[in-house]
Amino acid sequence: MPGKHNDNDAARQTPMSMTLAEKIIARASGRERVRPGEIVTCEVDLAMMHDSSGPRRQIPKLAELGVDVWDAAKVVLITDHFVGERDELSIEIQSLTRDWAAKRNLGGYHEAQGICHVVLPERGHLAPGMFVVGGDSHSTTGGAFGCFMTGIGATDMAGVLATGSIWVRVPQTLRVRVDGVLGDGVAAKDVILAICHRIGINGANYMTAEYTGSGVAAMVMDERMVLANMAVELGAKCGIVAPDDVTCAWLAGVGVDVADAQTWQSDDDAPVAREIVVDAAELAPQVAAPHSPENSAPVNAHAGTPIDQAYIGACTGAKLDDLRMAARIVDGRRIAEGVRFFVAPASVRINEEAEREGVLDTLRAAGAAILPSACGACIGLGPARLGAGEVGISSSSRNFQGRMGDASSQTYLSSPYTVAATALAGHIADPRDYL
Amino acid sequence: MSESGRAWVYGDGINTDLLAPAAYLKGSMEELAAHCLQDLDPDFARSVKEGDVFVAGDNLGIGSSREQAPQALQMLGIRTVLAKSFGRIFYRNALNLGMPALVCADTDRIRSGDRLRVDATAGVVENLTSGETLACESLPPHLVEMVADGGLIPHLKKKLAGGR
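Here the protein sequences come in this chain order: D and S.
Numbered according to this note's numbering, the first sequence terminates at residue 437, and the numbering increases by one at each position without gaps.
Numbered according to this note's numbering, the second sequence terminates at residue 1623, and the numbering increases by one at each position without gaps.
Heads up, a few of these hints could be off.
As a list, the in silico BS3-like pairs of lysine-lysine whose alpha-carbon atoms are at most 27 Å apart [unchecked claim]:
id, chain 1, residue 1, chain 2, residue 2
1, S, 1616, D, 105
2, S, 1508, S, 1543
3, S, 1543, D, 63
I should point out that these hints are in silico values taken from the structure, not numbers from a laboratory.
Full structure from sequences and hints, please.
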């Protein structure tokens, strides 16, 4: 009815449809609705920190503010960066972290139990609809469970610890639709590397990357976590997958109440800024050449490139399903002469389960050395750090110059399947030849 | 908020691992800062001066959430960072430390060594060497206030003291 305002008409109008991420931000900011670009202040449901970004950085900032944490029950502290490092500084950091946790009744303190992004859901800290911040860029991983979870720096974290709130600009949405089912030997890692190449590193800067489609529905949680984890490689503020039966079954298994999971879905007609479609069946295994995840190409572009080391590790690529992929490829085979093959299960629980299933035996029998459950070589620490001029292939998420070792080292990124096939061949190889 | 200094110009994709190498994260900030950008330009940390301006292309500060990346630049004397685009966590981190991070589409027009005067509030960069004036995107008002207070901690301190 142009030119005429009627209250009844207004009441009959459906509220503006929103994406899942917008619904969570609206709820956390106490608004009925939010629109992309708006700046709002959100109440934080959970703040996660690790030993590098945690107490050692927070103590002086909180002291300057003259306050302590706003709600200890909403703070989870997980050590993973300097775990396994025994130099004086690392020991000092771990001891300071432990002491800080001991003085507060935190929602969780998990020491040396694995990498924070994997331990956090594993210990039942995440549920759909939560607004969560983490003191690490790969905090986007939590979005796999239907949370809005984003990474922040140390001063932002101090602000959260002091006040329980944080400002955000409501992100626009990039919808990534994965249609169909991935071929055998192709994994979520290949999907996200292909997207990194297609839209470029930072191609989704400040956006929400929402993953949908039959290809995502068919993925187990460990695979969905890879998509959410590497959303940050697209520059995204969060990566999110709406909860479904797979999510609920997984969360129920770790004791999380998922009664309201159906509430946390994107509206079908919610506007998004951009949509891209990935044809899962057509996708080949991908390999990202040094020094950026966006340098991805089908594996045959790099097949034959000799490597010194193959690494299955990090929050991105050493969950139980990742270890199973690697074990399936190397089962009954031996790695190439002169190649080092390291496996660092992402958490202690995953390590136990992989041991129980015989996955670790299979990997060891092929020549793998099992490393502690910590960030390790992904941040250039531990025995798998690359030396000068060395070439590595890794199931982790970043191959920036010098990140995994010496500035002159070279890192290729791929799925656990491709890392394992490469370890066997001694040069970059297509895992489909080993199925 | 008017600063002038010498420009240090770099390209696209200057990431947090280059700015704050992980091998030095557990040590002191002073030591870390001495290794800032060592894999790209070993001369930078040695030669940068108080008040200088860091200029980059696209995606400055992509990667890690480590605040030590902008903090190292700040500790070495950098007072403003200009880029065509930023990694979002780096952007927040820089502003939280009280260091203006400004989106400027024309950073290609700046040469290393140019003298720049930056007005962060107005969003204007004067290139005193070339005589050009370049426009930046202006910061949202709440961030202008926070940066003027010296960053998030002093800003919050003021607010907490004010019993908001």
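Does residue 1543 of chain S pair with residue 63 of chain D here, judged by a C-alpha cut-off of 27 Å? Violated - the C-alpha atoms of residue 63 of chain D and residue 1543 of chain S are around 31 Å apart, more than 27 Å.
Under the criterion that the straight-line Cα-Cα distance not exceed 27 Å, is the pair residue 1508 of chain S, residue 1543 of chain S satisfied? Answer holds: residue 1508 of chain S to residue 1543 of chain S is near 23 Å, not above 27 Å.
Holds or violated: residue 1616 of chain S to residue 105 of chain D, with C-alpha atoms at most 27 Å apart: Holds, at about 24 Å.
Going down the numbered hints, you'll see the structure goes against just number 3.
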